[in-house]
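Novice: Since chain A is already given, all that's left is putting chains B and C on it; use the hints.
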Amino acid sequence: MNSNFNTREPVYVQVIRYFKEQIAIGEIVAGEEIPSRRELAATLNINPNTAQKAYKEMEEQGLIHTERNFPSKITSDERILKSIRKELIFAAVESFVETIRPINVPIDELLQVVKEKYVNEGQEEETND
Amino acid sequence: MNRYLKLVNFELNRFRKIYVTLILLTLLSQIAAVLLLTKGYLNDAYETIKLENLTEKSYVLEYGGFDFTHITGSLLFLGPIALSAGALIFYIFLIWYRDWFGKNTFAYRLLMLPTSRVFVYLSKATAIFLMVLGLVAIQLMILPLENTIYEWMIPKTFLNYSMTIDSIINSNPLLRIIIPGTFSGFLINYGIGLMIMFILFAIILFERSYRIKGIIMGILYAAAVTAVFVTPLMAMGFEVIYLYPGELFGVLLILSILITGLTLWVSRWLIIKKITV
Amino acid sequence: MIEVKQISKKFGRKKILDGVSFTANKGEITCLIGINGVGKTTTLKAIMGLTPYSGDILIDNEKLTKHTYEKITFIPDAAIMLPQMTIKQAMEFMNDFYTVWNQDRADQMLEFFKLKLETRISELSKGNVAKVNLLMGLALDVDYILMDEPFSGIDMFSREQIADVFTSHLIEDRGVLITTHEISDIEHLIDKVVILDNGKVLKEFHTEDMRENEGKNVIDVMREVYRA
Numbered sequence: 001m002n003s004n005f006n007t008r009e010p011v012y013v014q015v016i017r018y019f020k021e022q023i024a025i026g027e028i029v030a031g032e033e034i035p036s037r038r039e040l041a042a043t044l045n046i047n048p049n050t051a052q053k054a055y056k057e058m059e060e061q062g063l064i065h066t067e068r069n070f071p072s073k074i075t076s077d078e079r080i081l082k083s084i085r086k087e088l089i090f091a092a093v094e095s096f097v098e099t100i101r102p103i104n105v106p107i108d109e110l111l112q113v114v115k116e117k118y119v120n121e122g123q124e125e126e127t128n129d
Numbered sequence: 001m002n003r004y005l006k007l008v009n010f011e012l013n014r015f016r017k018i019y020v021t022l023i024l025l026t027l028l029s030q031i032a033a034v035l036l037l038t039k040g041y042l043n044d045a046y047e048t049i050k051l052e053n054l055t056e057k058s059y060v061l062e063y064g065g066f067d068f069t070h071i072t073g074s075l076l077f078l079g080p081i082a083l084s085a086g087a088l089i090f091y092i093f094l095i096w097y098r099d100w101f102g103k104n105t106f107a108y109r110l111l112m113l114p115t116s117r118v119f120v121y122l123s124k125a126t127a128i129f130l131m132v133l134g135l136v137a138i139q140l141m142i143l144p145l146e147n148t149i150y151e152w153m154i155p156k157t158f159l160n161y162s163m164t165i166d167s168i169i170n171s172n173p174l175l176r177i178i179i180p181g182t183f184s185g186f187l188i189n190y191g192i193g194l195m196i197m198f199i200l201f202a203i204i205l206f207e208r209s210y211r212i213k214g215i216i217m218g219i220l221y222a223a224a225v226t227a228v229f230v231t232p233l234m235a236m237g238f239e240v241i242y243l244y245p246g247e248l249f250g251v252l253l254i255l256s257i258l259i260t261g262l263t264l265w266v267s268r269w270l271i272i273k274k275i276t277v
Numbered sequence: 001m002i003e004v005k006q007i008s009k010k011f012g013r014k015k016i017l018d019g020v021s022f023t024a025n026k027g028e029i030t031c032l033i034g035i036n037g038v039g040k041t042t043t044l045k046a047i048m049g050l051t052p053y054s055g056d057i058l059i060d061n062e063k064l065t066k067h068t069y070e071k072i073t074f075i076p077d078a079a080i081m082l083p084q085m086t087i088k089q090a091m092e093f094m095n096d097f098y099t100v101w102n103q104d105r106a107d108q109m110l111e112f113f114k115l116k117l118e119t120r121i122s123e124l125s126k127g128n129v130a131k132v133n134l135l136m137g138l139a140l141d142v143d144y145i146l147m148d149e150p151f152s153g154i155d156m157f158s159r160e161q162i163a164d165v166f167t168s169h170l171i172e173d174r175g176v177l178i179t180t181h182e183i184s185d186i187e188h189l190i191d192k193v194v195i196l197d198n199g200k201v202l203k204e205f206h207t208e209d210m211r212e213n214e215g216k217n218v219i220d221v222m223r224e225v226y227r228a
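Residue numbers (our numbering), protein chains in the order written: chain A, 1 to 129; chain B, 1 to 277; chain C, 1 to 228.
Check the hints yourself; a few may be wrong.
[Claimed, not checked] Which residues of chain A face chain C? A partial, calculated answer using Cβ under 8 Å:
1. Asn4
2. Thr7
3. Arg8
4. Glu9
5. Pro10
6. Tyr18
7. Arg38
8. Ala42
9. Ile46
10. Asn47
11. Pro48
12. Asn49
13. Ala91
14. Phe96
15. Thr99
16. Val113
Since the hints were derived computationally from the structure, they do not count as laboratory data.
Even glycine gets a Cβ: it sits at the ideal position worked out from N, Cα and C.
Isolated chain A, as found in the complex (with noise of 0.2 Å):
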């Protein structure tokens, strides 16, 4: 995660994709505690003022809550943990379709590649692991 930050999109936007993704996938599950924001700070090696901020922010999209004198926990609401999977899988898709659409592919041929290189290169990085 390091140094994978974009440097010239708002760090505490990319800090709050990161908490997405790993719940999409299942690292992070339902109730679990968050690292309080100095060891957020020390492990993503970024400004813990942008860390706070990004807390703060999912705090209010409520991804997380906090209670008094206790670490903030990822929330257990499944509405909103559901939406945050096909949030990531809708932006994504849209960012994608927003750099093809000026090369006019017809929709099967695209479907087709997509298809092909998604099955190959998932089973390539699996073997590389």
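Specialist: Same frame as chain A, now just chains B and C:
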């Protein structure tokens, strides 16, 4: 005040190795002077007595006896005093410049201490003054020791006269300066010494504040106050005025207090407002 | 807050600082950026009263006095303790003179940096000099810390260790003002940037705001202002 004393202690510690070396050197060299010169004289004397078939008394009548002034006048005796004096004068500069130059700029730390910078300044002045007094005190302590060794070595017949510590000091111009016989003499010598040190400190601070331009400013300042100080002496020399010794002393005393005060004030302003690390 | 207001300074005829103004807040890491020789270090020295200047500098609304040195500290990029001192003696010196010296934190940092008490200052590598300097500065319970090029000229591992300090509790909620001529390594660590060139402030901004509102990183902004 507490931090001032800590700073003085700190400054003394930094010079400790060289200081101890100077003391040991003085002690060894002066005792060597006593031993070697006395032994040399006696060897010469006995040889001559043997050759010329003289008695000890007739030898003394012919060639002269020996006394402690022969020791105090020697290079082995005066050399370490001059060396110590030179080292301390050199250290007046080094005590400042060592904090700026070299790999470690300790001046940063010193000037960022949560204490008045006047204490930083005074601690350096105090350290040097204490080291001067320390060396003089040690000289005063080892003189009787050296005199005792000397009188124990030399047979009475060859001894011109036994000397007291007072007369030893009085017989030697250099010793007379560093150990004046009277309290007022002490005040004059060390007062002037302090004043000169403060003026040298001011030149250094001018230089540390304005660099090359500062050297010129410092030298002009030193020249100006020196001119003021010697004005009454010159005036008397050219017979413009005539002052009784007591009056002259008074005038010079007042002038030196004014000059030292002004120098301290200028230095305070430089070290607080103008100095650059 | 450190407020630098219209400060100027000349070396001979050359204007090193020409009406420099900016602020550095408590709880934030502010970074003075500019190529070498644009007056970054001089600005830090001016704030610390280590060089004369014209203009005003206020630290929490007050001018610098001897008491300010227990509130703000400066970490230069060279060793500032005596070469013959051991780290232990250097720590004792600090403890002797500063009422805000925090021995617990000093010990923590010693551990954090894996430094040894008996090592002499003269024996330290460039990277370890930086660490010892950081230790001496951060172990003071001060509100503001100024650092001159904390990342320059030292090995990669020391650099990472020092970067770790910036995200750790060792900085707490203090105000940090650092200078650098190389921003890319630390872009995510800092809150605010002040771009200095030819003795003038070209731009002052918060990095996250710049990313959020204009989608630009620090280098983009630097290119922009240098061209203008």
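Novice: For a quick check of understanding: which of the numbered hints are violated here, in increasing order?
Specialist: 1, 6, 13, 14, 15, 16
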